[in-house]
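Here's the letter readout for the chains.
Protein chains: 2
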Amino acid sequence: MRVVLKYGGSSVATIEKIQKIAEYIIGLKEKYEDVVVVVSAMGKTTDRLISLAKEITENPSQRELDSLMATGEQQSIALLSIALNSKGQKAISLTGFQAGIRTSGVHTKNKIESISSDSIEGYLKNGNVVIVAGFQGINENGDITTLGRGGSDTSAVALAAALNCECRIYTDVDGIYSVDPRLYPKAKFLDRISYEEMMEMANLGAGVMETRAVELGKKFGIPIFVGRSLSEIGGTYIMEKNVALEEKLVTGISITKEIVVTTISNIPFSSENIAKIFSIIDGCGLNINMITQNLNKYMRAELSFSSQLSEKYLLNQIIDKIRADFPECDINLCEHLGMLSIVGVGMINNSGIAGKFFSVLSKNGINFYQITTSEISISCSIDRENIQKAVEAVAQEFSL
Amino acid sequence: MRVVLKYGGSSVATIEKIQKIAEYIIGLKEKYEDVVVVVSAMGKTTDRLISLAKEITENPSQRELDSLMATGEQQSIALLSIALNSKGQKAISLTGFQAGIRTSGVHTKNKIESISSDSIEGYLKNGNVVIVAGFQGINENGDITTLGRGGSDTSAVALAAALNCECRIYTDVDGIYSVDPRLYPKAKFLDRISYEEMMEMANLGAGVMETRAVELGKKFGIPIFVGRSLSEIGGTYIMEKNVALEEKLVTGISITKEIVVTTISNIPFSSENIAKIFSIIDGCGLNINMITQNLNKYMRAELSFSSQLSEKYLLNQIIDKIRADFPECDINLCEHLGMLSIVGVGMINNSGIAGKFFSVLSKNGINFYQITTSEISISCSIDRENIQKAVEAVAQEFSL
Numbered sequence: 001m002r003v004v005l006k007y008g009g010s011s012v013a014t015i016e017k018i019q020k021i022a023e024y025i026i027g028l029k030e031k032y033e034d035v036v037v038v039v040s041a042m043g044k045t046t047d048r049l050i051s052l053a054k055e056i057t058e059n060p061s062q063r064e065l066d067s068l069m070a071t072g073e074q075q076s077i078a079l080l081s082i083a084l085n086s087k088g089q090k091a092i093s094l095t096g097f098q099a100g101i102r103t104s105g106v107h108t109k110n111k112i113e114s115i116s117s118d119s120i121e122g123y124l125k126n127g128n129v130v131i132v133a134g135f136q137g138i139n140e141n142g143d144i145t146t147l148g149r150g151g152s153d154t155s156a157v158a159l160a161a162a163l164n165c166e167c168r169i170y171t172d173v174d175g176i177y178s179v180d181p182r183l184y185p186k187a188k189f190l191d192r193i194s195y196e197e198m199m200e201m202a203n204l205g206a207g208v209m210e211t212r213a214v215e216l217g218k219k220f221g222i223p224i225f226v227g228r229s230l231s232e233i234g235g236t237y238i239m240e241k242n243v244a245l246e247e248k249l250v251t252g253i254s255i256t257k258e259i260v261v262t263t264i265s266n267i268p269f270s271s272e273n274i275a276k277i278f279s280i281i282d283g284c285g286l287n288i289n290m291i292t293q294n295l296n297k298y299m300r301a302e303l304s305f306s307s308q309l310s311e312k313y314l315l316n317q318i319i320d321k322i323r324a325d326f327p328e329c330d331i332n333l334c335e336h337l338g339m340l341s342i343v344g345v346g347m348i349n350n351s352g353i354a355g356k357f358f359s360v361l362s363k364n365g366i367n368f369y370q371i372t373t374s375e376i377s378i379s380c381s382i383d384r385e386n387i388q389k390a391v392e393a394v395a396q397e398f399s400l
Numbered sequence: 001m002r003v004v005l006k007y008g009g010s011s012v013a014t015i016e017k018i019q020k021i022a023e024y025i026i027g028l029k030e031k032y033e034d035v036v037v038v039v040s041a042m043g044k045t046t047d048r049l050i051s052l053a054k055e056i057t058e059n060p061s062q063r064e065l066d067s068l069m070a071t072g073e074q075q076s077i078a079l080l081s082i083a084l085n086s087k088g089q090k091a092i093s094l095t096g097f098q099a100g101i102r103t104s105g106v107h108t109k110n111k112i113e114s115i116s117s118d119s120i121e122g123y124l125k126n127g128n129v130v131i132v133a134g135f136q137g138i139n140e141n142g143d144i145t146t147l148g149r150g151g152s153d154t155s156a157v158a159l160a161a162a163l164n165c166e167c168r169i170y171t172d173v174d175g176i177y178s179v180d181p182r183l184y185p186k187a188k189f190l191d192r193i194s195y196e197e198m199m200e201m202a203n204l205g206a207g208v209m210e211t212r213a214v215e216l217g218k219k220f221g222i223p224i225f226v227g228r229s230l231s232e233i234g235g236t237y238i239m240e241k242n243v244a245l246e247e248k249l250v251t252g253i254s255i256t257k258e259i260v261v262t263t264i265s266n267i268p269f270s271s272e273n274i275a276k277i278f279s280i281i282d283g284c285g286l287n288i289n290m291i292t293q294n295l296n297k298y299m300r301a302e303l304s305f306s307s308q309l310s311e312k313y314l315l316n317q318i319i320d321k322i323r324a325d326f327p328e329c330d331i332n333l334c335e336h337l338g339m340l341s342i343v344g345v346g347m348i349n350n351s352g353i354a355g356k357f358f359s360v361l362s363k364n365g366i367n368f369y370q371i372t373t374s375e376i377s378i379s380c381s382i383d384r385e386n387i388q389k390a391v392e393a394v395a396q397e398f399s400l
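Line by line, the protein sequences are chains X and Y. The opening position of the first sequence corresponds to residue 1 in UniProt numbering, with each subsequent residue numbered one higher. The opening position of the second sequence corresponds to residue 1 in UniProt numbering, with each subsequent residue numbered one higher.
None of these hints come from the bench; they were simulated from the model. Check before you lean on any hint, since a few could be wrong.
Think about it this way: if two alpha-carbon atoms lie no more than 27 Å apart in a straight line, the pair counts; the simulated DSSO-like pairs of lysine-lysine are [claimed, not checked]: (1) X/Lys44 <-> Y/Lys17; (2) X/Lys44 <-> Y/Lys54; (3) X/Lys54 <-> Y/Lys44; (4) Y/Lys29 <-> X/Lys54; (5) Y/Lys90 <-> X/Lys54; (6) Y/Lys44 <-> Y/Lys111; (7) X/Lys17 <-> Y/Lys44; (8) X/Lys109 <-> X/Lys54; (9) X/Lys389 <-> X/Lys188; (10) X/Lys20 <-> Y/Lys54; (11) Y/Lys241 <-> Y/Lys356; (12) X/Lys87 <-> Y/Lys109; (13) X/Lys31 <-> X/Lys20; (14) X/Lys218 <-> X/Lys241; (15) Y/Lys90 <-> X/Lys111; (16) X/Lys321 <-> Y/Lys87; (17) Y/Lys87 <-> X/Lys109; (18) X/Lys17 <-> X/Lys90; (19) Y/Lys54 <-> X/Lys29; (20) X/Lys109 <-> Y/Lys90; (21) Y/Lys54 <-> X/Lys17; (22) X/Lys44 <-> Y/Lys44; (23) Y/Lys219 <-> Y/Lys109; (24) X/Lys90 <-> Y/Lys109; (25) X/Lys87 <-> Y/Lys54; (26) X/Lys312 <-> Y/Lys87; (27) X/Lys90 <-> Y/Lys54; (28) X/Lys44 <-> X/Lys20; (29) Y/Lys20 <-> X/Lys54; (30) Y/Lys312 <-> X/Lys87; (31) Y/Lys321 <-> X/Lys90; (32) X/Lys87 <-> X/Lys17; (33) X/Lys90 <-> Y/Lys111; (34) X/Lys54 <-> Y/Lys87; (35) X/Lys321 <-> Y/Lys90; (36) Y/Lys321 <-> X/Lys87; (37) Y/Lys90 <-> X/Lys312; (38) X/Lys54 <-> Y/Lys17.
Could you put the whole structure together from the sequences, leaning on the hints where they help?
So, in structure tokens, the structure goes:
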């Protein structure tokens, strides 16, 4: 039997923690014949490296930033391998290129194109625990690439797909709750959740796992376990809907605390213009969530979209380009907002959820602005100061 | 015209220094069409990484230590490239494997086997300053390797040979002096020195440049300039003897402050036994200098050799292995010693130098223990506390 384990940055933040993870892995080798471990960079290493680059310039070369950031994982895998070897367990560390992880896309936000697992299989056959750098790969030019923040989850699930085994993501939370327990301590713990619900939760800001990783798990039917590092209790399985759960109406609440809503008004309306704006956004690699568009009687369009406040440096690049291409447009930013979403596979077959959601907000004096919906979720932007109140009211209404 | 520049760790120790190096390189681009820059890790990064590994175990896996250490240079090259790009100079960073640097040998002490410079040539053709990670490469198994401390000099000279151009090593000293000016402030500055003399100086502890780098320069006839970072004055050219200088008797003094002399006595004498001891030493990768051997009347050999005190962890491994294979031997360490050498291409044709050297030491009450000689050098071990006195006496005697 084989397994892919993944440890996040906080699980390997110190040498002491790395030693404990090494001991845990040696214990697991009794159960699993083949163990592959994906590791993130130690603690805040990635942030520290980015801030070094930012000391030089606000807009560092993205190719070079990738190469710089990738050193964080290269260090943590080498140290974990040193720890395993020193305790008598053969182990070998592999960077993205050594593990055969090919990527494509824009720098700092690459996607995994393929994994040639021959070298991993070879090292496993020789009795090694194989430790792979998460978050990184190599593109067709031979450049070192990264997969975007949280990309180590994606590395782990992609490796589990390539090796056809279970993926166990170890982190600093017990698993998945219906609502972030830091915001709503009475939140219910979920033993199981469907890929679809988890994707909405991840996308909408639950922050426990990267959406792409869950999507990849769904695509290849890889069961994903999420649980606390070094703990034997708790943990949530992310799996197919039909095996996962009876269909609850609303499974969870997801919050993104800091968003910025950009509104571009007075756009001369044509599909070409709107497409051009989105291609500028794509070109800069900004992740946007809620998108809404209106048309006024003078055939001028108004386009709004939300993005993470933490990516405002990308947003600023986009605004400069839009200003250059559409000098007649007005651009306004609203930065005091957060996003609130409810998620549940049952929604699609049940009417009245939206009404109940919005009436509970208005009853509690909480204004909502943009609204977007998917088959299994409803999201809206609200004032950041109202997030706590909104979570409590909605959680009670839907018995989460 | 093209050039390979090399900056050591202290030249890129801070972001501010990296910015200054970037500006200097942009200035150089007016003179040189093609510029390749080899960079070491920032400041004390390599030491910090090694001590992380040592927190886990005294004997870390050498393959993993290589991969860990190589991140230091990957960071500094990415940051220098970010600085150049932000100032409008196209630049690209290449790790050892990206630059096509193939190595062979034991981990942490690899040798450069070959450089396929195609990718570097391609990037140069597109107008890039190409920044290459010093000190590292990749072996035939695809493992990341390092070249040993100071290996960045070797990387730079090997690249200059592959690209057929001059190599300029920038460091935190003005160039080469006849004696380390920190020990003997009246030391003469040398504008030029021959490869051979520099090799002896490097080997014997002058510490300005790696011997292998000078050897490589000699082999491929690459002129090597050594000078202070960001300074336009001073600097020493290392080049062929006949063009370099009139033959002085003694060109310089070289000091290794902290050595340990290991004496193994009561070895049952046979060539096999002595060869076996040296193969144990080679296997652990310890660099040894002075070697002496005596045979007593009972056909028991006594073997002594000196090594750097900083490599005592390797020496301990060797002693354990020798004790296991030769339980009847006595092993003694003498740790309070330093090494003093005089170097000069003129020595070979002039008698009386050795006599002058030893008599000046004894006149000043300085005991010397082991003695070894080469065609252009004489070395001996002395008590560490006498080094300063010995340097002054010998420098005056030979007018250095």
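A quick look at each hint next to the structure:
Note on X/Lys44 and Y/Lys17: the hinted pairing holds, with a Cα-Cα distance of about 24 Å set against a maximum of 27 Å. As the CA atoms of X/Lys44 and Y/Lys54 are separated by approximately 21 Å, the hinted pair is consistent with the 27 Å bound. Proximity of X/Lys54 to Y/Lys44 is assessed by CA-CA distance (about 21 Å); at most 27 Å being required, the pair is judged to hold. A C-alpha spacing of about 25 Å is found between Y/Lys29 and X/Lys54, which places the hinted pair at or below 27 Å, so the restraint holds.
Restraint check for Y/Lys90 and X/Lys54: satisfied, since their Cα atoms lie roughly 18 Å apart, inside the 27 Å limit. With a C-alpha separation of about 23 Å, the suggested pair Y/Lys44 and Y/Lys111 falls inside the 27 Å cut-off, and the hint holds. Only pairs whose Cα atoms come within 27 Å are accepted, and X/Lys17 paired with Y/Lys44 is accepted, the gap being roughly 24 Å. Among the hinted pairs, X/Lys109 with X/Lys54 is consistent with the structure: their alpha-carbon atoms are about 18 Å apart, no more than 27 Å.
In summary, the hint linking X/Lys389 to X/Lys188 is supported, as the alpha carbons are separated by about 18 Å, within the 27 Å threshold. Distance restraint check for X/Lys20 and Y/Lys54: the Cα-Cα separation of roughly 16 Å lies within the 27 Å cut-off, and the hinted pair is therefore satisfied. For the suggested pair Y/Lys241 and Y/Lys356, the alpha carbons sit about 25 Å apart, so the restraint of at most 27 Å is met. Note on X/Lys87 and Y/Lys109: the hinted pairing holds, with a Cα-Cα distance of about 24 Å set against a maximum of 27 Å.
About 18 Å separates the Cα atoms of X/Lys31 and X/Lys20, which keeps this hinted pair within 27 Å; it holds. Between X/Lys218 and X/Lys241 the alpha-carbon distance is near 10 Å, which keeps this suggested pair within the 27 Å criterion. The straight-line distance between the Cα atoms of Y/Lys90 and X/Lys111 is roughly 26 Å, inside the 27 Å bound, and the hint therefore holds. As the CA atoms of X/Lys321 and Y/Lys87 are separated by approximately 21 Å, the hinted pair is consistent with the 27 Å bound.
Restraint check for Y/Lys87 and X/Lys109: satisfied, since their Cα atoms lie roughly 24 Å apart, inside the 27 Å limit. Restraint check: the Cα-Cα separation between X/Lys17 and X/Lys90 comes to about 19 Å, which is no more than 27 Å; the hinted pair holds. Straight-line distance between C-alpha atoms of Y/Lys54 and X/Lys29 comes to about 25 Å, which keeps the hinted pair within the 27 Å bound. Using a Cα cut-off of 27 Å, the hinted pair X/Lys109 and Y/Lys90 holds, with the two alpha carbons roughly 22 Å apart.
Our distance criterion of 27 Å between C-alpha atoms is met by Y/Lys54 and X/Lys17, whose separation comes to about 15 Å. Simply put, X/Lys44 and Y/Lys44 have alpha-carbon atoms about 20 Å apart, close enough for the 27 Å limit, and the pair holds. Proposed proximity of Y/Lys219 and Y/Lys109 is supported: the alpha carbons are some 20 Å apart, at most 27 Å. About 22 Å separates the Cα atoms of X/Lys90 and Y/Lys109, which keeps this hinted pair within 27 Å; it holds.
With a C-alpha separation of about 14 Å, the suggested pairing of X/Lys87 with Y/Lys54 holds against the 27 Å cut-off. For the suggested pair X/Lys312 and Y/Lys87, the alpha carbons sit about 23 Å apart, so the restraint of at most 27 Å is met. Between X/Lys90 and Y/Lys54 the alpha-carbon distance is near 18 Å, which keeps this suggested pair within the 27 Å criterion. This hinted pair checks out: X/Lys44 and X/Lys20 have alpha carbons roughly 19 Å apart, not beyond 27 Å.
For the given pair, Y/Lys20 sits about 16 Å from X/Lys54 by alpha-carbon distance, which is consistent with the 27 Å threshold. Proximity of Y/Lys312 to X/Lys87 is assessed by CA-CA distance (about 23 Å); at most 27 Å being required, the pair is judged to hold. For the given pair, Y/Lys321 sits about 22 Å from X/Lys90 by alpha-carbon distance, which is consistent with the 27 Å threshold. Between X/Lys87 and X/Lys17 the alpha-carbon distance is near 15 Å, which keeps this suggested pair within the 27 Å criterion.
With a CA separation close to 26 Å, the supplied pair X/Lys90 and Y/Lys111 stays within the 27 Å bound. Using a Cα cut-off of 27 Å, the hinted pair X/Lys54 and Y/Lys87 holds, with the two alpha carbons roughly 14 Å apart. As the CA atoms of X/Lys321 and Y/Lys90 are separated by approximately 22 Å, the hinted pair is consistent with the 27 Å bound. A threshold of 27 Å between alpha carbons decides the hint, and for Y/Lys321 with X/Lys87 the separation of about 21 Å falls inside it, so the pair holds.
With a CA separation close to 26 Å, the supplied pair Y/Lys90 and X/Lys312 stays within the 27 Å bound. Our distance criterion of 27 Å between C-alpha atoms is met by X/Lys54 and Y/Lys17, whose separation comes to about 15 Å.
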